[in-house]
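**Student:** Sequences and hints are given; from them, build the entire structure.
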Amino acid sequence: ETNFWCLDRMCNAVLCALVAVTGGCAVIDAWCGVLLGVVACVVYELSSHMMVRFRLDDPVDGFAVHGCGGALGILWIGLFAKPSHLATMGYSTCCPGLFMGGGFDLLGVQLVGLLYVIAITVVAGLLVFLPLSLTGRLKVSLLDELAGLDVAKHGGSAYPEWDKSV
Numbered sequence: 659e660t661n662f663w664c665l666d667r668m669c670n671a672v673l674c675a676l677v678a679v680t681g682g683c684a685v686i687d688a689w690c691g692v693l694l695g696v697v698a699c700v701v702y703e704l705s706s707h708m709m710v711r712f713r714l715d716d717p718v719d720g721f722a723v724h725g726c727g728g729a730l731g732i733l734w735i736g737l738f739a740k741p742s743h744l745a746t747m748g749y750s751t752c753c754p755g756l757f758m759g760g761g762f763d764l765l766g767v768q769l770v771g772l773l774y775v776i777a778i779t780v781v782a783g784l785l786v787f788l789p790l791s792l793t794g795r796l797k798v799s800l801l802d803e804l805a806g807l808d809v810a811k812h813g814g815s816a817y818p819e820w821d822k823s824v
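659 is the number of the first residue of the sequence shown in my numbering; add one for each residue after it.
If you are wondering where the hints come from, they were derived from the structure by calculation, not from laboratory data. Hints should not be assumed to be uniformly reliable.
Stated by the list, open to error - Below, computed lysine to any residue pairings styled on SDA-like, alpha-carbon distance capped at 25 Å: (1) 740 x 681; (2) 740 x 729; (3) 740 x 785; (4) 797 x 811; (5) 811 x 794; (6) 797 x 785; (7) 740 x 720; (8) 740 x 763; (9) 740 x 696; (10) 811 x 790; (11) 811 x 786; (12) 797 x 809; (13) 740 x 710; (14) 797 x 715; (15) 797 x 720; (16) 740 x 695; (17) 797 x 681; (18) 740 x 750; (19) 811 x 720; (20) 811 x 714.
**Tutor:** So this is what it looks like as structure tokens:
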């Protein structure tokens, strides 16, 4: 384990926090948004490490940033949506979040919505990527993968300053 700050991981953690807060920014208090940002950074780190641990290929951490950050943001609304903010947004009949005195109603709606998004994403992903995988069009050759796609497909290194062969 190294002991240094990694700029790309820090940027991804901040991006995860921004993704998480976007959906509920109009219905949660500012302190809730700050708390959500902190929690989102932790969720990003945990989900990114789990992706590596389970050997799931996601070199830019798209799932950890957008999938996990978005899911957290969806559920956060069900926990912290404030009644006065909901009324301002025109949702006067909507129940507030669980921790704002509203019970489990809004959280349940958010959970159903999250499950719907997950189901649609899985089905769409399978429809697109399963045929590509079965026909061998999804994976490059091992030689191209080892050389790097920037070299194999585009004829040059995307990061020449890291190229040790020069």
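**Student:** Each hint needs a verdict: does it hold in this structure or not?
**Tutor:** Each hint, compared with the structure:
no.: 1; hint: 740 x 681; verdict: holds, 14 Å
no.: 2; hint: 740 x 729; verdict: holds, 19 Å
no.: 3; hint: 740 x 785; verdict: violated, 39 Å
no.: 4; hint: 797 x 811; verdict: holds, 13 Å
no.: 5; hint: 811 x 794; verdict: holds, 17 Å
no.: 6; hint: 797 x 785; verdict: holds, 17 Å
no.: 7; hint: 740 x 720; verdict: violated, 30 Å
no.: 8; hint: 740 x 763; verdict: holds, 13 Å
no.: 9; hint: 740 x 696; verdict: holds, 20 Å
no.: 10; hint: 811 x 790; verdict: holds, 18 Å
no.: 11; hint: 811 x 786; verdict: holds, 22 Å
no.: 12; hint: 797 x 809; verdict: holds, 16 Å
no.: 13; hint: 740 x 710; verdict: violated, 37 Å
no.: 14; hint: 797 x 715; verdict: holds, 12 Å
no.: 15; hint: 797 x 720; verdict: holds, 18 Å
no.: 16; hint: 740 x 695; verdict: holds, 18 Å
no.: 17; hint: 797 x 681; verdict: violated, 34 Å
no.: 18; hint: 740 x 750; verdict: holds, 11 Å
no.: 19; hint: 811 x 720; verdict: holds, 23 Å
no.: 20; hint: 811 x 714; verdict: holds, 23 Å
Checked against the numbered hints above, the structure breaks hints 3, 7, 13, 17 and satisfies the rest.
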